[in-house]
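**Student:** Here is what each chain is made of, one letter per residue.
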Amino acid sequence: MLRATQPAIEARGVTRLFAGTGQNAIRALDNVSVSISENEFFTLLGPSGCGKTTLLRLIAGFDFPTAGEILLHGQDIAQLPPYKRPVNTVFQSYALFPHMTVAENIGFGLKMLGKPKAFIDARVDAMLRLVHMEALRNRRTSQISGGQQQRVALARALAPQPKVLLLDEPLSALDYKLRKEMQIELKRLQHETGITFIFVTHDQEEALTMSDRIAVMSAGRIRQVGTPGDIYGRPAERFVANFIGETNFLTAAITVTGDCKVRATLQSGATIDATVAEGFQPNGSATIVVRPEHARLISGAGDLSGTVDNIVYFGTDTNIHVHLDGGEAFTVRQQNARSASCGFQRGDRVGISIGNNVAQVLRD
Amino acid sequence: MANASEVAEKAERDDIRSRWLLSAPALLIVFLAAVGPLLIVVVYSFLTPGNYGDVKWQFSIDAWVNVLLERDVFDDTLSLAGAHLLIFWRSVSLSALTTILTLIFGFPTAYFIATRPEGRREIWLFLITIPFWTNLLIRTFAVEEVLRNDGIINSTLQLLGITDHPVQLLYTNFAVLLGMVYVFLPLMVLPLYASMEKIDFRLVEAAYDLYATRFQVLRRIIIPLVKPGVVAGSILVFIPSLGAYVTPRVLGGGTNLMIGNLIELQFGQGRNWPLGAALSISLMAIVMVALLVYVRNTTRLDGDHG
Amino acid sequence: MVKRFDVRQQTGFVTMAILCFVLLYLPIVTLVVYAFNNNDSLSIWKGFSLRWFHVAWNNTLVIESSIRSFQIASVAAILATVAATMAALATTRTRPYPGLTFKYAVINQPLMVPEIVTAVALLIVFSRIKIWTGYSGLGYLIAAHTAFCVPFAYLPIRARLENMDLSLETAASDLYATPSRTFRHVTFPLLWPGILAGLMLAFVVSLDDVVITEFIKSGGQDTLPTYMLGQIRRGVTPEVNAISTVFLALSVGIVTVFFFVSRKRT
Numbered sequence: 000m001l002r003a004t005q006p007a008i009e010a011r012g013v014t015r016l017f018a019g020t021g022q023n024a025i026r027a028l029d030n031v032s033v034s035i036s037e038n039e040f041f042t043l044l045g046p047s048g049c050g051k052t053t054l055l056r057l058i059a060g061f062d063f064p065t066a067g068e069i070l071l072h073g074q075d076i077a078q079l080p081p082y083k084r085p086v087n088t089v090f091q092s093y094a095l096f097p098h099m100t101v102a103e104n105i106g107f108g109l110k111m112l113g114k115p116k117a118f119i120d121a122r123v124d125a126m127l128r129l130v131h132m133e134a135l136r137n138r139r140t141s142q143i144s145g146g147q148q149q150r151v152a153l154a155r156a157l158a159p160q161p162k163v164l165l166l167d168e169p170l171s172a173l174d175y176k177l178r179k180e181m182q183i184e185l186k187r188l189q190h191e192t193g194i195t196f197i198f199v200t201h202d203q204e205e206a207l208t209m210s211d212r213i214a215v216m217s218a219g220r221i222r223q224v225g226t227p228g229d230i231y232g233r234p235a236e237r238f239v240a241n242f243i244g245e246t247n248f249l250t251a252a253i254t255v256t257g258d259c260k261v262r263a264t265l266q267s268g269a270t271i272d273a274t275v276a277e278g279f280q281p282n283g284s285a286t287i288v289v290r291p292e293h294a295r296l297i298s299g300a301g302d303l304s305g306t307v308d309n310i311v312y313f314g315t316d317t318n319i320h321v322h323l324d325g326g327e328a329f330t331v332r333q334q335n336a337r338s339a340s341c342g343f344q345r346g347d348r349v350g351i352s353i354g355n356n357v358a359q360v361l362r363d
Numbered sequence: 000m001a002n003a004s005e006v007a008e009k010a011e012r013d014d015i016r017s018r019w020l021l022s023a024p025a026l027l028i029v030f031l032a033a034v035g036p037l038l039i040v041v042v043y044s045f046l047t048p049g050n051y052g053d054v055k056w057q058f059s060i061d062a063w064v065n066v067l068l069e070r071d072v073f074d075d076t077l078s079l080a081g082a083h084l085l086i087f088w089r090s091v092s093l094s095a096l097t098t099i100l101t102l103i104f105g106f107p108t109a110y111f112i113a114t115r116p117e118g119r120r121e122i123w124l125f126l127i128t129i130p131f132w133t134n135l136l137i138r139t140f141a142v143e144e145v146l147r148n149d150g151i152i153n154s155t156l157q158l159l160g161i162t163d164h165p166v167q168l169l170y171t172n173f174a175v176l177l178g179m180v181y182v183f184l185p186l187m188v189l190p191l192y193a194s195m196e197k198i199d200f201r202l203v204e205a206a207y208d209l210y211a212t213r214f215q216v217l218r219r220i221i222i223p224l225v226k227p228g229v230v231a232g233s234i235l236v237f238i239p240s241l242g243a244y245v246t247p248r249v250l251g252g253g254t255n256l257m258i259g260n261l262i263e264l265q266f267g268q269g270r271n272w273p274l275g276a277a278l279s280i281s282l283m284a285i286v287m288v289a290l291l292v293y294v295r296n297t298t299r300l301d302g303d304h305g
Numbered sequence: 000m001v002k003r004f005d006v007r008q009q010t011g012f013v014t015m016a017i018l019c020f021v022l023l024y025l026p027i028v029t030l031v032v033y034a035f036n037n038n039d040s041l042s043i044w045k046g047f048s049l050r051w052f053h054v055a056w057n058n059t060l061v062i063e064s065s066i067r068s069f070q071i072a073s074v075a076a077i078l079a080t081v082a083a084t085m086a087a088l089a090t091t092r093t094r095p096y097p098g099l100t101f102k103y104a105v106i107n108q109p110l111m112v113p114e115i116v117t118a119v120a121l122l123i124v125f126s127r128i129k130i131w132t133g134y135s136g137l138g139y140l141i142a143a144h145t146a147f148c149v150p151f152a153y154l155p156i157r158a159r160l161e162n163m164d165l166s167l168e169t170a171a172s173d174l175y176a177t178p179s180r181t182f183r184h185v186t187f188p189l190l191w192p193g194i195l196a197g198l199m200l201a202f203v204v205s206l207d208d209v210v211i212t213e214f215i216k217s218g219g220q221d222t223l224p225t226y227m228l229g230q231i232r233r234g235v236t237p238e239v240n241a242i243s244t245v246f247l248a249l250s251v252g253i254v255t256v257f258f259f260v261s262r263k264r265t
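Residue numbers (numbering that gives the first Met the number 0), protein chains in the order written: chain A, 0 to 363; chain B, 0 to 305; chain C, 0 to 265.
If a hint is listed, it holds; no wrong ones were tucked in.
According to the in silico footprint, chain C covers these stretches of chain B (three or more CB under 8 Å from chain C):
1. 35-42
2. 141-151
3. 267-277
Since the hints were made in silico from the structure, they are not lab data.
This one's a predicted model, so the numbers in the text were calculated from it and none came from an experiment.
Note that beta-carbon positions come from the ideal geometry of N, C-alpha and C, so glycine has one too.
Extracted from the complex, chain A is given alone in its bound form (with noise of 0.2 Å):
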């Protein structure tokens, strides 16, 4: 099938450099290459500082790149001004307009935009039902919870419908429930809506329910691009696996085996087998990751052997906390079926078992 490849959104080189004290210019953004696709959730995840607010305000005009070009269709919009960008955001704080209703809110942009007052009000009425706010029509901004303002945030950015929404951190100001409510219906609304979001979060969980691809950042860099699935299960990076999830980290000598296949040799003589990613090629020491879930604790013999050093029950799971033979730490997540002990204590001596295609070489 032909379709049209090219991308939503794309960064090239961007790199942005804030004044610092003397010679020590900061290096927001170091040149950063992206694409995005049409009708895609892209996440930028990362610590803060990392850069991805940065981005976000560049696709979004409120800053300008020091180097490199942004791509609106393959078009450089870098050195238009906000208002001239067919681009909206939602914000982290939402910005609504204190002295306007929420239906003022929402038409703001159509009305910037000079369409005539009945449009406006359809669009308006349609962006209410969409964030099913339809009752608080009239309402103050100041007058509603956090959560109404959130939707109000998202149908006032929505309305203008633009080639591509921003979401700078939107659901971090919300508690624990409203945020899951909020994910599924952001996911909800990019289906139905069709529209490109960009998402910058720093919360890894976050990230990996909501989005189809994921950008890791850190230091003003993009260290890996992937599915949720890719960040998770083939971290490139000691970053990449350090900020996602738990990860046990351990340094072994490598071997090639074959295509992608090698096997590490840890420091008690034990070994296992391991993928490398595409393209790269270990020799001698390397440092290789197993998440906790995906290792196994065995009353006999296994892959690995050691000594149960703590237990850390926490509802779903548990934690087992090993001391190997060869002197590593090892964590194993167990899930807690029906009993509540998982049948081990502490200074009892355990295997671990891990399967295939779980341990991961890193590229560091």
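Position chains B and C against the provided structure of chain A, taking the given hints into account.
**Tutor:** Chains B and C in isolation, oriented as in the chain A frame:
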């Protein structure tokens, strides 16, 4: 394509230029009707007095000499101008006393307001703001009515038989001091309140938890926390006290002059404009010193907090 | 029963504060009460009467100086507020730029210099201009009042601007509003309470001025405060109390409005 950083620099230059244009009217009016004339005062202080007021355009430093010294009419010797020194001393000491007294009265008042429940604070604050925005002349006049020989203080004293003839309260240094404390009190309370409002009372709880007494809490916790407010309030009271004109004129009755009245005299009966100008500059200099102390204090306080 | 321990309490502070409020209001209340005294004397009460209000009302000097006060205060407050609003927009929400400190210093200069000094400075300059130009109208008073009102109008406007959420204007520009439309639809409506507060502050400050006006007024240009100052010097009848009472009521009215306007946080 233009270099990105050049574009940014041009935008910044444009921004600064439009900011200068926007502020031009305010700068111009303040410059023409406040800053500029001050410079002319400096010039006038080096001229010779005219016969009927105003000046003769003849350079002279007599005015500056006369600020502190006086020339004997007979033998032309110079000696310290006792009257001027007395007035300077009265201004500085009355202003200092005013500052201390407003602090003594203002501190508990501000604390009282700051510790009211949230909803009721504004009402008390409002009660402080009303005198603040009431005409200074009217407030001074109100004090005059209370202090006069047939005013309520003297009537009450006589009614109670404490005294059989009116005590002279008006036209004394005491009256001027009382009047200044009265009119400048809100200027002390408001900045004190502003810093007390921010007190985190968990710190006070922590101090009590660590065996502090009420007085120790006041001395070791509350006063250090509100020190910026104390400094701001003191400066807000001290500076206008130094330049006070209306209050000493109404309550001091022409005998208990302060610098402000002395300056006025030179432009009125004294007909010595250069001396008046020199005295004005001297007053400004004292104020500037006070302000410098204030700035030094606040910057040091800021430093303390990181 | 044991009184519960209050961490906020300080010994004697409440008494002191109440005393302070009483002392603050006692003279003002006395002044107002004696405005209604049916007697020539200020101290002996001879029953309630509006007599002195009638006297003041029929005193053309009082009425003329009141009107003059209002004229000067209105014009000066409006001019000062316009200039201060522009200056506030130019000096807030920016990184420090060359000249910013200079602007602060100039705008706040009238607050730093004792009124009496400004007064004699203006006396010197204006008396010379009067000789050169022959003009001796209200222009001098209006110019002087505008200048010292600028910092008072500037304060609340600047405070309002600095507390304003910058993301609101960013949001407007994101929603296709050009800079001028952002100002008209977002910045200005949000700034309005601050402008109103500044206007009222400037108005009250101009209305209250004695010292500067006393020095630079030409003959027959008394404002209400300078007229009252002259009366107090000559010895007073309760007429001054009556005038003061009306003036006071007006100030309280303005301050009340100001209080509610500046409290309103939209």
